[in-house]
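Chemist: Listed below, chain by chain, are the residues.
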Amino acid sequence: MPRQLPFRGREDSGLTVTENSSALPIEVVVDRPAEGVVVATVSGEVDMLTAPALRGVVMAELDECHVLVIDLSGVGFLGSAGLAVLVETSHEAQRRQVELRLVAGGRSVRRPLEITGLTEVLTTFPSRDDAVGAPG
Amino acid sequence: MPRQLPFRGREDSGLTVTENSSALPIEVVVDRPAEGVVVATVSGEVDMLTAPALRGVVMAELDECHVLVIDLSGVGFLGSAGLAVLVETSHEAQRRQVELRLVAGGRSVRRPLEITGLTEVLTTFPSRDDAVGAPG
Amino acid sequence: MEVRIAASPAHLSVVRAVAADLAMRADFTLDAISDLKMAVDEACSELISRSVPDGELVCRFAVESDQIHFSAESRTGSTQPPSRESFGWRVLTALTDAVNTWVVPGPDGAHVLRFDLLKKRADDVVGL
Amino acid sequence: MEVRIAASPAHLSVVRAVAADLAMRADFTLDAISDLKMAVDEACSELISRSVPDGELVCRFAVESDQIHFSAESRTGSTQPPSRESFGWRVLTALTDAVNTWVVPGPDGAHVLRFDLLKKRADDVVGL
Ligand SMILES: Nc1ncnc2c1ncn2[C@@H]1O[C@H](COP(=O)(O)OP(=O)(O)O)[C@@H](O)[C@H]1O
Ligand SMILES: Nc1ncnc2c1ncn2[C@@H]1O[C@H](COP(=O)(O)OP(=O)(O)O)[C@@H](O)[C@H]1O
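Protein chains in written order, with numbering that gives the first Met the number 0: chain A, 0 to 135; chain B, 0 to 135; chain C, 0 to 127; chain D, 0 to 127.
By construction, these hints were calculated from the structure, which means they are not laboratory data.
Just so it is clear, CB atoms sit at the ideal spot from N, CA and C, and this is done for glycine as well.
Be aware that one or more of the hints could be misleading.
[Unchecked claim] Partial list, computed: chain D residues near chain B (C-beta under 10 Å):
| hint | residue |
| --- | --- |
| 1 | R3 |
| 2 | P8 |
| 3 | A9 |
| 4 | H10 |
| 5 | L11 |
| 6 | S12 |
| 7 | M37 |
| 8 | S48 |
| 9 | R49 |
| 10 | S50 |
| 11 | D53 |
| 12 | S64 |
| 13 | W101 |
| 14 | V103 |
[Claimed, not checked] Label pairs and their calculated CB-CB ranges:
| hint | chain 1 | residue 1 | chain 2 | residue 2 | range |
| --- | --- | --- | --- | --- | --- |
| 15 | A | E91 | B | P125 | 46 to 52 Å |
| 16 | C | E84 | D | G105 | 26 to 32 Å |
| 17 | A | E63 | B | G132 | 52 to 58 Å |
[Claimed, not checked] Stretch by stretch, here's where chain B covers chain D in the computed footprint (C-beta under 8 Å, at least three residues):
| hint | segment |
| --- | --- |
| 18 | 19-33 |
| 19 | 69-78 |
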């Protein structure tokens, strides 16, 4: 299932790996731990430069699942451009009846979500396992 | 045994803790795991700003032991001012018949020692346990 | 100290790295370091998105007794500073102890947009 | 990009942080990042120790296709560049792909000491 991604995509024994084609300091790896569940694991820094790439990947995945987990554990910086992508993805997920779950472990992700009040609006989990295993 | 240290020193149940009194990005903690053995555990960055503080601590300890271990595992940067302190300490240790052992784990310490050929001249160990446990 | 970069999003990370290094050495709390990085990033992102083409972004950091003073400016086409109703502005006010933005006349009839912000060593921010 | 700091050892770490951030984003190998940090630190340390009192240190970084070009300068009292016999100079030549240092006449009859160095993305240094 080839999709239009801002990254080079590679399919590998059921695992979709999206690689960083430019020197963007962000990487997004997509995998499907269960039927209808997509996990997008983000590492690097999400700012004005890299947020559009994140947006491209998660928006493309919204049509492919009924649970979308965005794992931000490996994110060292989350700026307001990144927050805007999460808010927009959340709205779009609601529209398409997809459940959006965020993994927000470390301070560099938790702090921006808390300061902006987004922890009230978005569903967050401390770890990937918690997010994937949560009741639907 | 109060000594003149460039840091505030604190004695605590046999453990000498030297604290960072200024905002210097270096910390040196001194302890004695065995009779005559002193371990100076350095963390932070050793550059032109902080090397004099390191020099002060290790020179003071040279009179207090016959084995001096300088544990650099927690050092994120080691510049030539820091290398010069190690070379000088090594000479001074030889003069006083003290055995100097360095713990040089990570790349940020190993690389400068290798590039300058100092791994040939100084005795290094991969971990504190290896250094403390080495035959005298 | 002063950092001058091309007004391009590719350089945001280096300005954040400078902010983090200064705040760390000034013994800021971890939350305050995180907030300063985000505030600096937010101000610079606004400046970059409003900069004239091929503009330069000038950032100044001053480490004071219990706070860091950050100011940044770049040439812009508009006489209007960013709206104080925007999400970005609310983020900036939530993250900092003081923040201001305004447009001043620049050389050759151009306009210069400027941000000025203060962040104290210990965070006591209240959120949006 | 350009970084201007007071010529004081307290600012070395921020210049290293900038060097590391740029090299990391330019996909330098871990050894090459480490070498660039050390070379930049060495050049700046020399400049700081030879600077006039209250001098300024100006550092410029240019990320080129497969290398980073770093140059730095500060005002100095001497017309003599650092000795090429010194330990510091040998470290610099071991760490970089090219390095140069010289003194040029500055404003008001002062002298400006300058370092210029190139570091490639992949390290193939041979050591001292
Ligand atoms: N509470 C919020 N948290 C995160 N992002 C938000 C929030 N509110 C708005 N945004 C995002 O920020 C961007 C700008 O929002 P808005 O409030 O309209 O500011 P502006 O007036 O600058 O356009 C939009 O893309 C929106 O998705
Ligand atoms: N191989 C070396 N490794 C580490 N430090 C060294 C080495 N050789 C010299 N040094 C230290 O560097 C400093 C300067 O050394 P030197 O070769 O005399 O250079 P200079 O000519 O600049 O004084 C001295 O403090 C010395 O301890």
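Chemist: Run every hint past the structure and note whether it holds.
Modeler: Hint check:
Violation of the interface hint for D:R3 is found here, the shortest Cβ-Cβ separation to chain B being roughly 18 Å, above the 10 Å cut-off. Taken as an interface hint, D:P8 checks out: its beta carbon lies about 4 Å from the nearest beta carbon of chain B, inside 10 Å. This hint holds: D:A9 has a C-beta 6 Å from the nearest C-beta of chain B, less than the 10 Å allowed. Restraint check, D:H10 versus chain B: the minimum CB separation of about 9 Å is within 10 Å; hint holds.
Because the closest C-beta pair between D:L11 and chain B is about 5 Å apart, less than 10 Å, the hint holds. Of the supplied interface hints, the one on D:S12 holds, with its beta-carbon coming within about 6 Å of a beta-carbon of chain B, less than 10 Å. Below 10 Å, beta-carbon pairs count as interface contacts, and D:M37 has one with chain B at about 6 Å; its hint therefore holds. Checking D:S48 against chain B by beta carbon gives a least distance of about 7 Å; that is within 10 Å, so the hint holds.
Against a cut-off of 10 Å between C-beta atoms, the interface hint on D:R49 is violated, since the closest Cβ of chain B lies about 12 Å away. Hint on D:S50 is violated. Least Cβ distance to chain B is approximately 12 Å, over the 10 Å limit. Nearest Cβ of chain B to the Cβ of D:D53: about 17 Å, over the 10 Å cut. The hint is violated. Interface hint at D:S64: violated, since its Cβ lies 25 Å from the closest Cβ of chain B, which is beyond the 10 Å cut-off.
Among the interface hints, the one on D:W101 is violated; its C-beta lies about 20 Å from the nearest C-beta in chain B, farther than the 10 Å criterion. Restraint check, D:V103 versus chain B: the minimum CB separation of about 24 Å is more than 10 Å; hint violated. Under the hint 46 to 52 Å, the C-beta atoms of A:E91 and B:P125, about 51 Å apart, fit the expected range. As the Cβ distance of C:E84 to D:G105 is approximately 49 Å, the hint placing it in 26 to 32 Å is violated.
Taken as a hint, the range 52 to 58 Å holds for the pair A:E63 and B:G132, whose Cβ atoms sit roughly 55 Å apart. With 3 residues having a Cβ less than 8 Å from any Cβ of chain B, the segment 19-33 of chain D passes the three-residue criterion, so the hint holds. For the segment 69-78 of chain D, the stated coverage by chain B is not satisfied: 0 residues place a CB nearer than 8 Å to a CB of that chain, which falls below the threshold of 3.
When held up to the earlier numbered hints, the structure conflicts with 1, 9, 10, 11, 12, 13, 14, 16, 19 and fits the remainder.
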